[in-house]
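Asks: Sequence:
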Amino acid sequence: MWSRRQGLLRSAGCGVEELRRRRREREAALRKARREQQLVSKRLLRDETPEEAEGECVAAILGEAEIQQFLRLAHRGTEEKERERALFSLRRGLQHSETQKTFIRLEGSMRTLVGLLTSNQALLQLEAARCLHELSHSEHSVVAEACLPATSYLLTYLSGHSSEFIELCLYTLGNLIVESEVVRRQLLPQGIIPAMAACMQSPHLPVLEALGYALSQLLQAKEAPENIIPSVLGSTLPQHMLQLLQPGPKLNPGIAVEFAWCLHYIICSQVNNALLITHGALSTLGLLLLDLAGAVQRTENAGLELLACPVLRCLSNLLTEAAVETIDGQMQHGDERILAALFILLQFFFEKQPSLLPEGLWLLNNLTANSPSFCTSLLSLDLTEPLLKLLPVSNVVSVLVLTVLCNVAEKGPAYCQHLWPGPLLSSLLDMLALSDTEVVGQSLELLQLLFLYRPEAGHAFMQQSGLQALERHKEEAQLQDRVHALQQKALHG
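For the sequence shown, this note's numbering begins at 1 and goes up steadily by one.
Simulated from the structure, these hints should not be mistaken for laboratory data. Take the hints with a grain of salt, since some may be wrong.
To be verified - Estimated spans, in silico, between C-beta atoms of each pair:
no. : residue 1 : residue 2 : range
1   : 373       : 163       : 43 to 51 Å
2   : 249       : 434       : 43 to 51 Å
3   : 60        : 152       : 25 to 33 Å
4   : 159       : 79        : 48 to 56 Å
For every residue, glycine included, the Cβ atom is placed at its ideal position computed from N, Cα and C.
The task is simple: from the sequences and hints, build the whole structure.
Replies: As structure tokens, this is what we get:
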């Protein structure tokens, strides 16, 4: 990570702007890595009867003859109940991968199923849609593409009256969208985005949650930044998403989680984050952060992290693009309240979900990077020691904690005065005892800033065996230049 900068620290007089530039380079690389880590999943709805749930009706793998028989009965049966039972049996068989592959190989099978989907009998339509839903959950992309003839009908039915049917269509479309670019290419010109915007008006909570899922699947497509997200931003979807994320008694956790991830994928695309900020995204997310911090103090509910993770990511990434005056204008909840809420969440993660600590620290890094007021609040709330207690969690956490402290230190002598003296020296000596190049490199950067603004820090460092700690790393190619620079600074001031 540091190899590109080996020649930059030969002089002991490395300035603040150079240190900031190096750190921003690394943060840009980390942001890129985060954007490339996407969450792809499929959902499966099964409304099983009590007998099915208890295993009294075990689904069997179906062969060609059985599939053809069930399709024939469903299509041409004389009694409606007989037709429904045939489709039910087919749907149960389609829970097996082997049956799915046999089904799509059979000539005319999908055409018959689509015919049943478009029939004028509601129960047959619903059962046919459930069959398609089972197929959409397949792990084989060829199965998803075989469902292509049905997708335009599923899209049309989003404007129907049955909330149960709309919910099923949305989850099925979501499963197909994420699997197949061919499906996405067909649905986009047919108006899937306007159809989704219309679904936002639904008063039914399960429909809204299903919509959030389907939209999040669409937004994860590799072509989303060019072909999908501009259309989403041009619709009413962003405003409605932010409304659903407003904290208060009407906030539904399941819906909020789905649309928080939608917002995350849009923000990561960097297509037009200024528009989201104009719609009040920073304010909404800041209030939601405060609400989450209050919630973790009131409950032991471990599900809170499901919403906390995308909210933290959204705020973090928006802050990298928002102008300082915009941040001050929208996040009017007070620097100290925001930081206090964030540290409550960090403590919750530390105790319950350590894997989410980097998410919270990333936000803290972006809050303090260009804002003296947030750095001032961090110091006035005495949050340095709680921050240092996180150092042993992992190397990733250590780097982020040290980066935040660099943000504070680079603001000048008055800020460094609060950092030194104190427990920071012993913590940095512990970090220098590690072998991780990233952790040691960030520790050296913090020491460089402290020596620059608090010369007495260099003397204290030498008195506590700091030079010996540096000696350990003087032969490491990525660190030797900065180790030499710090040794000279400590010795000669």
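Asks: Does each hint fit the structure? Answer for all of them.
Replies: Against the structure, the hints come out as follows:
1. 373 x 163: 43 to 51 Å: 47 Å Cβ-Cβ, so the 43 to 51 Å window holds.
2. 249 x 434: 43 to 51 Å: With a Cβ separation near 47 Å, residue 249 and residue 434 satisfy 43 to 51 Å, so the hint holds.
3. 60 x 152: 25 to 33 Å: With Cβ atoms ~32 Å apart, the hint holds.
4. 159 x 79: 48 to 56 Å: Violated, at about 31 Å.
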